[in-house]
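A.B. asks: The lines below spell out each chain.
2 protein chains.
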Amino acid sequence: MSTSSLSKIEKQIKLYKHGKVPKELRIAQIVETAKIMFADFGYTNSSMDELAKRVKVSKPVIYELVGSKENLFKILLDEAGKELHENIQTAVDACESLDNKLRSGGLAFFNFVKTHQPLWLALFVNDQGLFNKEINLIREEQAELVANLIFSSNAFTSVTPAYIDGIAHALNGAYEALARWWFEHPDIEATTLANWIVELLLPAISLANQQF
Amino acid sequence: MSTSSLSKIEKQIKLYKHGKVPKELRIAQIVETAKIMFADFGYTNSSMDELAKRVKVSKPVIYELVGSKENLFKILLDEAGKELHENIQTAVDACESLDNKLRSGGLAFFNFVKTHQPLWLALFVNDQGLFNKEINLIREEQAELVANLIFSSNAFTSVTPAYIDGIAHALNGAYEALARWWFEHPDIEATTLANWIVELLLPAISLANQQF
DNA sequence: GATGTAAACTACTAATAGTAGGTTACTTTA
DNA sequence: TAAAGTAACCTACTATTAGTAGTTTACATC
Numbered sequence: 001m002s003t004s005s006l007s008k009i010e011k012q013i014k015l016y017k018h019g020k021v022p023k024e025l026r027i028a029q030i031v032e033t034a035k036i037m038f039a040d041f042g043y044t045n046s047s048m049d050e051l052a053k054r055v056k057v058s059k060p061v062i063y064e065l066v067g068s069k070e071n072l073f074k075i076l077l078d079e080a081g082k083e084l085h086e087n088i089q090t091a092v093d094a095c096e097s098l099d100n101k102l103r104s105g106g107l108a109f110f111n112f113v114k115t116h117q118p119l120w121l122a123l124f125v126n127d128q129g130l131f132n133k134e135i136n137l138i139r140e141e142q143a144e145l146v147a148n149l150i151f152s153s154n155a156f157t158s159v160t161p162a163y164i165d166g167i168a169h170a171l172n173g174a175y176e177a178l179a180r181w182w183f184e185h186p187d188i189e190a191t192t193l194a195n196w197i198v199e200l201l202l203p204a205i206s207l208a209n210q211q212f
Numbered sequence: 001m002s003t004s005s006l007s008k009i010e011k012q013i014k015l016y017k018h019g020k021v022p023k024e025l026r027i028a029q030i031v032e033t034a035k036i037m038f039a040d041f042g043y044t045n046s047s048m049d050e051l052a053k054r055v056k057v058s059k060p061v062i063y064e065l066v067g068s069k070e071n072l073f074k075i076l077l078d079e080a081g082k083e084l085h086e087n088i089q090t091a092v093d094a095c096e097s098l099d100n101k102l103r104s105g106g107l108a109f110f111n112f113v114k115t116h117q118p119l120w121l122a123l124f125v126n127d128q129g130l131f132n133k134e135i136n137l138i139r140e141e142q143a144e145l146v147a148n149l150i151f152s153s154n155a156f157t158s159v160t161p162a163y164i165d166g167i168a169h170a171l172n173g174a175y176e177a178l179a180r181w182w183f184e185h186p187d188i189e190a191t192t193l194a195n196w197i198v199e200l201l202l203p204a205i206s207l208a209n210q211q212f
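Residue numbers (our numbering), protein chains in the order written: chain Z, 1 to 212; chain S, 1 to 212.
Worth double-checking, as some hints may not be accurate.
Claimed, not checked - Which residues of chain S face chain Z? A partial, calculated answer using Cβ under 8 Å: (1) K59; (2) Y63; (3) G67; (4) K69; (5) N71; (6) F109; (7) A179; (8) A194; (9) I205.
As the list claims (entries may be wrong) - Below, computed lysine-lysine pairings styled on PhoX-like, alpha-carbon distance capped at 25 Å: (10) S:K56 with Z:K133; (11) S:K59 with Z:K69; (12) Z:K82 with S:K74; (13) S:K82 with Z:K133; (14) Z:K35 with S:K59; (15) S:K82 with S:K56; (16) Z:K59 with Z:K133; (17) Z:K133 with S:K35; (18) Z:K133 with Z:K82.
Said to hold, decoys possible - Okay, the calculated bits of chain Z under chain S, using three or more residues with CB under 8 Å as the criterion: (19) 29 to 42; (20) 45 to 55; (21) 63 to 69.
Derived from the structure by calculation, the hints contain no laboratory data.
We put the beta carbon where it would ideally sit given N, CA and C, even for glycine.
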C-alpha cells in the first residue's frame, strides 16, 4: 500500500501521534469513511461497529460526534443533494436557449450520477441489494407495457431499441414520481394526473407519426 | 369490535378450536397480517416478534412457513406487482386509440396507487419515514429547478401552479428512472440520455409556446 | 507540577433476525 | 380403539447491532 492511497484527511490524522485528533478532523474522517461504507454495502448492511473499527476509534466517539446512524446518512444525503443541485444550476445558467438549458442540465445530472455511481444508488435509490432486483423486475414489466403502447404501430419506427427501452423506463419513472407527488396533493383527481402525462407526450408522438 | 371486522381468513381460523391450523391457511394469515404491518410501519420498523404476536403463533412457525422477513416482503411485492400489471394491461386493452390507451392505462396506475396507498409506499418507494423527508426535500429542489426551466418565459402561461409542480416532479422522476436504467446499459453516453429527454419534451414545449 | 477539559475507552442494554431441539394434537393403520 | 406417524407448534436459545452510562487518558494552561 502506497502512501498516496491515503486521503487528505487520513494524512492529517497521522500527524497526531497519540491518537487524539481534534473534533472537526475526526468528524470529517467519520463522514468520509461512512460514505465509502454506505456506497459499498448500502445503509442496512453498514454497521456502526464496523465503522468504528475502520476509523480506529470506539463506538461512543462516533455517537458523540455524529449523533446516530440515521443522522450520518442524512449528512451525506444533504451534502450530495447540495452538490447535485449546484452542478445542475450552473450547467443550466451557462446556456441561453431553452433546449440548450435542458440538454445541459440533463447532462450535468447524468454526469453527477456517473461520478458518484454506488453512492447515488445508496442515497437516492434504495437500500442496496435487498429488493432492488424484485422492484426492477416489476419496473421492467411496466416499461415493456409502456414501450409496446407508445412505440407500436407506425410511431417512432426509425428509432433504436435502446431508445425505446430507455424512454419507456423514463416514462414509467415519471408516473411513479407523479404518484409520490400526489400523496402531498390528494385533492387532485386521478383522471387529471393521467391527462397531464398524455398532454405532455402526445405532441412528441404525433410528431413521430408525421415523420414516417 | 364487531365480528364483521374479521377478514375471511380470520373467520376460517376461528373454526379450528385447538389452534392447529392447516399450513396454507396459516400462510395466508401471516401474509395478510404482514401486509398490514408493512403498510403501517414500513419494512424496518416491522418486527417478526410483533408479527408472531399478532398471528398468535410462535416465531419458528413464521420462519417455517415463509422462510424469512425478506422473503415475506418479496411475496407481497410479487403479489402487488402482478395485480398492478394486470390492472393496467386490462385498462389499456379496453381502448382503441393510442391516446385513450395512454389515458386509461395511466388512470389504472393512479387508481392502483390510491387504493393501496400506504402499501404502495412501503413496497415501491422506500422504507417508510427514515429518509423520505430528506429525499423529498432534494426532489423538491430539483423539481423547482425544472419548473423554472420549462415553465419560464412565455411557455405554458395558461396553466395552473399544480400542473407546473406536478409535471416538474414527473420530469424529475423520468430523469431518475433513466439514471437507474443507465446502470444496466453503461455503454450509452450521458449526452445521448440528455438528448432523449429533450427530444421527448420539445414538441410539447414548442406547442405551448405557439399557443399564446 | 497541579488542574481543567477534550478525546477516547470499557463494558454494558435493548431490540431483533433467525434457529436447535423438543412437545402436542390430530390422522392413519392395524 | 390403541399404537405409530406426522403436521403444527412451542420454549429457549444465539448472534448481530444500534445506542448508552460511567470512567480514563493525553494535553493545554496556569
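A.B. asks: Give a verdict on every hint.
C.D. replies: Comparing the hints with the structure gives:
1. K59: 20 Å, violated
2. Y63: Since chain Z brings no Cβ nearer than about 18 Å to S:Y63, farther than 8 Å, the hint is violated.
3. G67: 14 Å, violated
4. K69: Where the cut-off is 8 Å and the nearest Cβ of chain Z is about 10 Å from S:K69, the hint is violated.
5. N71: The hint is violated - S:N71 has no Cβ within 8 Å of chain Z, the shortest such distance being about 11 Å.
6. F109: 6 Å, holds
7. A179: Given a least distance of 5 Å, the restraint on S:A179 holds.
8. A194: Nearest chain Z Cβ about 4 Å off; hint holds.
9. I205: Holds: closest Cβ of chain Z sits about 7 Å from S:I205, inside 8 Å.
10. S:K56 with Z:K133: Given that 25 Å is the threshold and the Cα spacing comes to 32 Å, the pair is violated.
11. S:K59 with Z:K69: 28 Å, violated
12. Z:K82 with S:K74: 34 Å, violated
13. S:K82 with Z:K133: Holds, at about 15 Å.
14. Z:K35 with S:K59: Roughly 36 Å between the alpha carbons, so the hint for Z:K35 and S:K59 is violated.
15. S:K82 with S:K56: 29 Å, violated
16. Z:K59 with Z:K133: 33 Å, violated
17. Z:K133 with S:K35: Within the cut-off at roughly 20 Å; holds.
18. Z:K133 with Z:K82: 29 Å, violated
19. 29 to 42: Three-residue rule not met by the stretch 29 to 42 of chain Z, so violated; n is 0.
20. 45 to 55: violated (count 0)
21. 63 to 69: violated (count 0)
The earlier numbered hints that this structure contradicts are 1, 2, 3, 4, 5, 10, 11, 12, 14, 15, 16, 18, 19, 20 and 21.
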